[in-house]
Every structure is written in C-alpha cells, then in structure tokens.
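Residue numbers (the working numbering), protein chains in the order written: chain A, 1 to 457; chain B, 1 to 398; chain C, 1 to 100; chain D, 1 to 178.
Please note: incorrect hints may appear among the correct ones.
[Said to hold, decoys possible] Have a look at the derived ranges for each label pair, beta carbon to beta carbon: (1) A:Phe239 / B:Arg67: 56 to 62 Å; (2) A:Ile287 / D:Asp3: 44 to 50 Å; (3) A:Phe239 / D:Ser4: 53 to 59 Å; (4) A:Phe323 / B:Val219: 49 to 55 Å; (5) B:Tyr197 / A:Asp439: 49 to 55 Å; (6) A:Trp371 / D:Gly163: 42 to 48 Å; (7) A:Val274 / B:Glu217: 39 to 45 Å.
It is worth saying that the hints were derived from the structure and are not from the lab.
This structure is a prediction, so every number in the text was calculated from the model and none was measured.
For each residue, glycine too, the CB sits at the ideal point set by N, CA and C.
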Amino acid sequence: MNPTVLTILHFLQTWWVELTCGVVIVAVVPLVAGYVVLLERKLMADMQARLGPMRVGPHGLLQPIADAVKLLIKEDIIPAESDKFIFWLAPVISMVAALTSMGAVAFGPAFQVARDINIGILFVLGVSSLGFLGIILGGWASNSHYSILGALRSTAQLVSYETAGGLAIISALLLSGTLKISAIVQAQYDQHAWFIFLAPVAGFIYLVASIAETNRAPFDLPEAESELVAGYMTEYSGFRWALYFLGEYANMIVVGSIATTLFLGGWLRPFPNVHWLNWLDFLPAVIIALVGVYCIYRAGKQPVKVQTGFMWAVALGCFAVAFVFAALWLLHLFHRFGVLIPLNLDFILPGLNGAFWFLLKVSGYIYVFMWLRFTLPRYRFDQLMHLGWYILIPLAIINVFAVGISMLLEANGVNRWIGMVLTTVLVLAAAVFLVRWHDQRTESASTASLTPDSYAG
Amino acid sequence: MPGFAKTSASKAVSKKGNLGNTLHDDALQNNGTLLGADELVLNMGPQHPSTHGVLRVKLKLDGERVRGTECVIGYLHRGVEKIAENRTYQQFAPYVDRMDYVAAISNGLGYCEAVEKLLNVEAPPRARVIRTILTELQRIASHLVWLGTHALDIGALTPLFYCMREREEILKVFEKYCGARLTTHAFRIGGLQYESYDGFEKDVERFCNDFERRIQEYVDLLTGNSIWIGRTRNVGVLNAADCIALGASGPILRAAGVKWDLRKAQPYASYDQYKFEIPVGTNGDTYDRYMVRIEEMRQSRLICLQAIEKIPEGAIMGKVGKVIKPPAGEIYHSIEAPKGILGYYIVSDATTQPYRVRVRPPSFINLQALDKMVRGHLVADVVAIIGTLDIVLGEVDR
Amino acid sequence: MMSPAHYLFLSLALFLIGCVGVVTRRNVIVVLMSIELILNAVNINLVLFSRIFGDVAGQVFALFIIADAAAEAAVGLGIIIAFFRNRETVLADEMDLLKW
Amino acid sequence: MLDSVLFYFFAGVAVIGAALVVTSRNAIHSAVFLITTLLATAGIFLQLRAEFLFIAQIILYVGGIMVLFIFVIMLVRLDVPLHHLRFRMKNLVVTVVIAVLGAEAGAIIYLARKLPGQGLFIQNMAPPDKLAPNSEKLAESLFSGYLLPFEIASVLLLVAMVGAVVMAKNKKRTEEES
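Turn these sequences into a full structure, and let the hints guide you.
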C-alpha cells in the first residue's frame, strides 16, 4: 500500500478519539450553546410567570435553529469608521478561544482532545481567558463610545476577577497536587471527597469569579443593556454578533467544566468509592429513559398533532441513548463473564457514564448562573471592583494559606475534617471582617464628594 | 485611569470618534488627549434602552464619572397645548390621556376637575368616588410600571414581569369599565359617562386583597438585597431644599422628607373621606424614593378598599350642558398625579374652545433635577436616576 | 525531525525583526513591542538549549525573562502614560527635552 | 514529518507576524500581530516539550502583557499620520537585516551539506522524557536551585508594579482629592 496512506491510517488509528472529540466540539458546541440559550429563556420565563418561546416547534424546541437561521441571513453591517480588519477578527478570537479551551476539558475519562498534557487545567484557563482579547479588540474596533466603555469595563473586570479565580483554583490545586485534569479527578477519588467539601470558600470564590469572567449578571457590566446598550457588542449584528454570543455561552460551559473538574469531582458519580452504591452506574440510562417516558406522557397532552409527533420523536431519541448506555453495560457484563466480543469498547462505558455525570454537574453549575441572573440586580462598576479587590482577592489569598494549613494539620495526624472546619471558620471570620471593614470604608467614602477612580481599582 | 478618552463635543457629532485609530487627520490640531482634563461626550439616547422613551442626555464623562449633563427633549413633542386651542373642551379631554400615557386616568381627572372648576359645577358624589377608585388604581399601575422598569434598569429582570402581571389586573378593570386599557378617557367633564359595571367592587376588592401579598414579592426581591441597596442608597440624593428650589414634587419631594401631598393638602375628588398616610423618606436618595413609592402603593390599596365600602348611590353626571361654554376667566387646578403635582391652567374667553391651556407636567419639572442628581456619579447611576425620576416622555414633551 | 539550526534561525529572524522595529519605529509603544519580540527570540533559544541538553535550567531562565518582560512592560507603559499626560505624544523623536 | 510541518507552520506564522508588527502603521494592528507571533512561539515551545512555558507564554504574555499594551494603546491616542516623518536610514537597516539573515541561511545550508547530523544539526536531542513531567521538574528547579533568583524576580515585579502605579497615577486628581 502507498506509504502516505499508511501514515495517515496510522495517524487516524492513534488519534481517532481525539479527532472525534475535536469534531464534536466544533460541530456540537454551537448547537448546545443555542440550546443553553433556549433553556435559559425557558427557565427565565418559568421564574417570571410566563411561558417563554413557544412558537417555533413544540415548546419552542426549534427556536435556537430559527435564531441561527435568522442571524445567518441577516445583513452584515460594518460601521463605516470602524477598523475593518479587527472588527472582523474580534468575534472570531472570542469564539475560537472558547472552543479551543474546550479541547483540553475532559468530559469523561475517555473524552478529551489534548489528552495527556500535564498542564491541562492551566491550558483551559489560559486559552479561555484569551477570549476577552476578542471583547476588548471588538470594543475598540467598533468605533463607538458604548463599545469602548464596554471593552474597558470588560478588561478591568476580567483582570481583577481572574486574579481571584486563579487564587481560588490554587487552593484546589494544592489539594490535588497536579495540573493534569485526569489526575485532579483521580485525586478527588483517592481522597474520598470532592474538593468543594475540602475547600468550600475556594469553591464559592471561584463561582463568583467565574460569573464575572463570563460577563454574566450580576456582573454583566461590559454588556449591561440598560447602561451601555450592548457594551462591546453594540455595533455588531448578524452572524458576528452570534459568534460573540456563542463564545460567551461556550465560555460558560468551559468555566462550568473547570469548576466541575476542580471542585465537583469531574466525571465521578456521587460516592464513587462506596461500592454498595455501584447501582448508581445504571442511573444515567435510567434517567434518560425516564426523560423519554415523561416526553411520552406529555405527548398525549399536546394540542397539535405535529407536536405530539415531535414529542414522540424526542422520546424515541431518549430511549435510543438509554439503550446505548444499557447495551454497553450489557457488553461490559458479558465481558466480565468471559463472553468475548472482538471490539475493544472497554473505555466507552465509563467514558459515557462519566460524560453523563460531568455534563449533569456542568448543567447544574450553569443553572446556578442563570438563577442568579434572574434574581439579582446588577453591580455598579466601582462596587464590582471593590468586591474584587477588597474582598475576594484578600479572601482568596487567606484561603490558600488556610487550605495549606489544613493540609499540614492533616499531615501531622489531625483528622482532616476537623482541620478543614477549623480553617474554614477562620476564613469565614476573615471574610466577615473584610466585609465589615469595607462597609465602613465605603460609608466614610460616600460622604466625600469623589471616590477614587474606579478603573485604577 | 481617569479621562481615558477625549473627544470634544463637536467631534462627537462629526465623523470622528475612533479612539486611537490612524484615520484622524485633525488629531494634530485637536491635540487629542485621552488622559487628563478633557471630557468624553456620550450621547445617551434618544435611542437607548433605558431612557424611558426618547429622552436624549448628553453626558460629559471623565472615565465613567459624570461631570455634567445636558437633556435634549422634544422628540415626542406633539403640541398638545396648542391643539387645545382648536378643540372644544370635551374634544380636548382625550388628548390629555396621551401626555402621561402610563397614568392616563390621572391626567383626565385633573383636566375634568379643572374645567369643572371653571364652569363652577361639581361632579356628583358617586362620580367622585368612582373617580377616586380608578385614579388610585391608576396610581398603583403607574408605580408598577415605574418599579418594573426601574428594577430592570438596575439589572433585576424579574420584578418587571411580576409588576406587569399585577398591572394587567388593573388594566382589566379599566377595560371592563370603559373599554380602553391605556388611554382610557374614563371621565367626562361634570362626572362620568359610564356607570360602574356589575361586579366592579368585587374586582377591585379581589385585586386589593391579592395585592398586599404581591407587594411583598417585590419587597422580598429588592428591599433587603444588598446589591439593590448598594445601587440605590446615596445615589442621586436630592434634599428638601433642592427639591423645593427645583420644583420637584410627588414621591421625589416626599422622599426628601417633605410631607406634601395634594390629596391631603387640597383634597379633591373624594380624598377627604378616606384615611391614609403620606409616606415620607429621610435622605432623598433613590432608595428612599423606592420605599416611598412602595408604601404609596400600599396606601392607594387602602384607599381603594375604603372607597369600595361605600360608593354612594345617585347620578353620575353633574349639571353640564351639551355645549360647554365657560365664562371668561382663568383657572388653575392641580392634583397629585402618580409622578407629582399635575396642574392645569386654563384661560377661557367665553367660547366653546379654551383660549389657552397650559399643563404643569410633573415629569418635565422633575427632570430638571437630573443634572443636579447625577453629577459625580457613574454612568450606571445615571440610568438608575433617570429610572427613579419616573419620567414619561409623552408628558415631558407633550 | 527538526535540527537545532532551524530553531536558531527562527530565533535570529525574530531577533533581527525586533531590532528593526526598535531602530526604525517612532512610536514608543511599538518600540516596546519590538523589545518584546527580541525577548521572545531569546526565549526560543533558551528553551531550545534546555531541550537539547535535557536540562530544565533553560526553561527556568525563560520564565525569568517572561517575568522581566512583564516588569518592563508595566514600567514602560507607566512611563508612556505619564509622558503622554504631560506632552501629549508617544513619538520617540518628539521626546527631545534633553536635546537642548 | 508531523514535527516539521508543525515547525514550519509555527515558524512561518511567527516570522510573518513579527514582520507585520514592525511594519503595520496602526499600533493596535501591531499588537494583534505581536499576539499572533507570541502564540506561534508558544507553539514552538510546546514542540520543544516546554509545556509549562507554553502556557506561561499564553497566560502571562498574551493574557497579561499584551492586554496591558492594548489597554494603553486604547487610552493613548496614536493617530498622528506617520508618512511625513520617517526614519532616514530605514532602508539601510532593512538591507543589513536581510543581508545578515541571508548570510545565516547560507551558512546553515552550507554547514548542513558539510556536516550532516552533527553540531547544530544533531537529529536526536536529549530524550523528551528527561524533561517530563515538565511542570514538576520546572517547579523543583525553580524552588530549589533557583530560589534566590526566583525571589529576586518577584521583588522585581513588585517594584515594577509600584513604579507603574506611581507613574501612571494622575497627580492633579490626587491633589484635588486630598
């Protein structure tokens, strides 16, 4: 055979999981992001006593596709005095960064593009933080005051909160002792606890910082629609705007993945070490099947025939996925009892199960984002900076020390949980002190006519 | 860093504005500094999500700090006062609904009472009580719109929908009463055209009973929320002296601690028959105005409940002829509209058409306070302050 | 397989381009950026040698250089802002107060 | 095979980016191209098995230093037309650079012909696992043998930070406030 073909085949054989994951990330994430938007609108509607999108498809299920089509065929407007090259480049940076960083995220023990880099978590962090170059450049290139104000806000906000988030991550990395994603998850397995329980304050700080990094409410100042119209996206429309939007939602998934990996046990199921709970491994298949059953139950109540059909289709899809899970499980059983099947699919079942749990946790994390968005008003810029620099960053630094101390205590034979509780109480006391101190400070400052400049924060 | 960007006012409107692009040929003459003393002029509106219509505010910014403002109004000017001079008194009544379209009934009440005063007739007691009920419902509706949009401006998405849900109930009552929801034209000069419909009392009572619980929902979402407090407390402070100097009225004045409410001070309609409190604040900041308006909604609810207890029987129309021809003279009548003191100054030359109608619109006068309130605050506060002023551009521009 | 010479050539190219930038550009910010290019070229060399000899010391020094570049950028840009505030220019040949 | 494709890709991007940094008229464009160059260099680092430096380059250089640059360019107006005042000896400098590069290229080709696989042309560098796991090795080295330089570097950064804050602070405003 032709040696080139052989090389290519060899290449494919070595890298097929990675390639498939890459293709899936590029092809599916935009769709998923679209459905995250739909989910957000539905949840928002539910919390606001209304229905949300209902027109396109049953319960608006086809809304993301309609939105995508609409955005694609929309006129592409480039402002006359803008810097065309950078105007074109900025949204692309935003989205490419988000999608690339997803490459190193391990969605399950088997699904990861950059499988073995030993700086995995740093890669995800670093590359996803490149996305805001897109924001700042886009804001600058649009040649609009709103845009540039949004871009400047975004820069200041990201720089501040990435510091806090990074310090929170260091707490978790202290516990895991490695930067490799699979090893971090393994460490949580070995230590019999998710790191959120060992470093709760760090988890909380990362939650806040990640909301700020993804520009979500209550930290959505760079795109605060009531102040800056749309912030850095003001001049963008059509598909470029969609790229920004996509980048933003992909970024949400990325920070959710980081948080899940570091604090929520990655792809581990709840209580992975407790063997009498091994039946939980069936749960993904059961849950998906139950969703299918629910769809059938709802299908009978649909007012229109098309919708009934659609619901049935969704249900069948769920059953198919559940069947894949179950079939793989059965294969696994066969394997264990000596029935040999020539395919080596051993890694797929834990992989799929892991992916299920992982995505479930990420969804939970994103749900918290949305919930906060519907509930809270928006911070003002100086308040945001003060929260970042006067409270979160000192607290994160203190927390790094606290986690270190509790690890030292554990190494010296103190029960881990006692050490954890002690240090956490100390950190919380520090937090209370910081908040009090800051409140007093702002109270005295508010009497002065001018507060210090907020960008310098 | 202060003063990150500078473009002079003339530049902002000329073709320039790319901060740091190579395209500027006038950069040398203009010596464009971005740092230091000069200001960035930000044109907020007339198309802007939170200027509540077509208000345009030119903000002079240093960084994000506001150094000065200039309001440009008139984008919604329709010449309502001039139109009045070519309409009969009855014909003009629907026009006043289009001024403050969020509180159309209050506008109508003010106008009808002013003309009645000019004619020297009084609406019969039944009409006056029904007017009071509808006007108080309208006050609640107006405050609900204010609360929802104000919260939305500050970034809380959800209260808007809760507020609209309750406002919908009020608008349903209006619709049942006179067929219209927004610009109702509910009252006529001399009384009412329509009898209250069957079950009017019951509808109002049901709404009022529900409403206490609903207010609690907004309060739960906002009042104790530290972000909300941070965004509103000490923001846009306007003390009593400033309020009086600027002519600010309504909740803005009361939030500054001045207990002035025309419903008590110069009772009109049937307000003298009911017991209610005038809520006042202390600091005159945005938070106080919020609290005052929330409390006013509660008081309006109490007024409604008292009023439906005893709606007197009798005629609903006073002794007003088909053709209204007031004697020559002039009259000023003012009422406490949801947004402040709404006054009508009408000059009659003893014809069927007014010689001149001048409206004292509360929004317009309250808007004067904007500049004083926003100086030294951030851009985000401008939005909060415009929200707390509760302006309606239809009334500002007329 | 790439030989060290390839990397050294790349490094030299970046270094020289950086030098051209430092010498020819008038805009101080671009001059600073060119200096970053030069530092970057040095980093490539250090990392290459660390790879050749299998000794991590080269990477350590590359890390120090990155830290140094950060410090340089911070101070340099601070000076530029301060200068710009006083003289309203960032062009090198207009910074001639000492040329009297 | 894959190695050389990657090398030529990254090297090409780096060199073209660098050339554009120096030649583009707009400072923001320069910054964007510098980011491209830095990212390509990061790719080269990865190829040289310096994973930690790869990510340090991305986080520190691109995510930190370059953002600082862009921020300052946005603050400072840089739009004086450049064509009427040019560096007189530009052509000379460019010629010299091209000559040096050409000489180097010629020397490399000549040497490669003469001494294949030796000296600068060795095919097998140290085994890659000698540097792995990279971040652990680097950390050990940094916190044992190079602890003093490391601390000095951190002091340097602190001094730079203080200096930058002092210099960039607007004196007029601070006086007003106090």
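Now the hints, each set against the structure:
1. A:Phe239 / B:Arg67: 56 to 62 Å: At 39 Å between Cβs, range violated.
2. A:Ile287 / D:Asp3: 44 to 50 Å: Check passed, 45 Å falls within 44 to 50 Å.
3. A:Phe239 / D:Ser4: 53 to 59 Å: violated (36 Å)
4. A:Phe323 / B:Val219: 49 to 55 Å: holds (51 Å)
5. B:Tyr197 / A:Asp439: 49 to 55 Å: holds (54 Å)
6. A:Trp371 / D:Gly163: 42 to 48 Å: Given a distance of about 44 Å, which is inside 42 to 48 Å, the answer is holds.
7. A:Val274 / B:Glu217: 39 to 45 Å: About 42 Å separates the Cβ atoms of A:Val274 and B:Glu217, which means 39 to 45 Å holds.
Taken one by one, the earlier hints fail for this structure at numbers 1 and 3, listed in ascending order.
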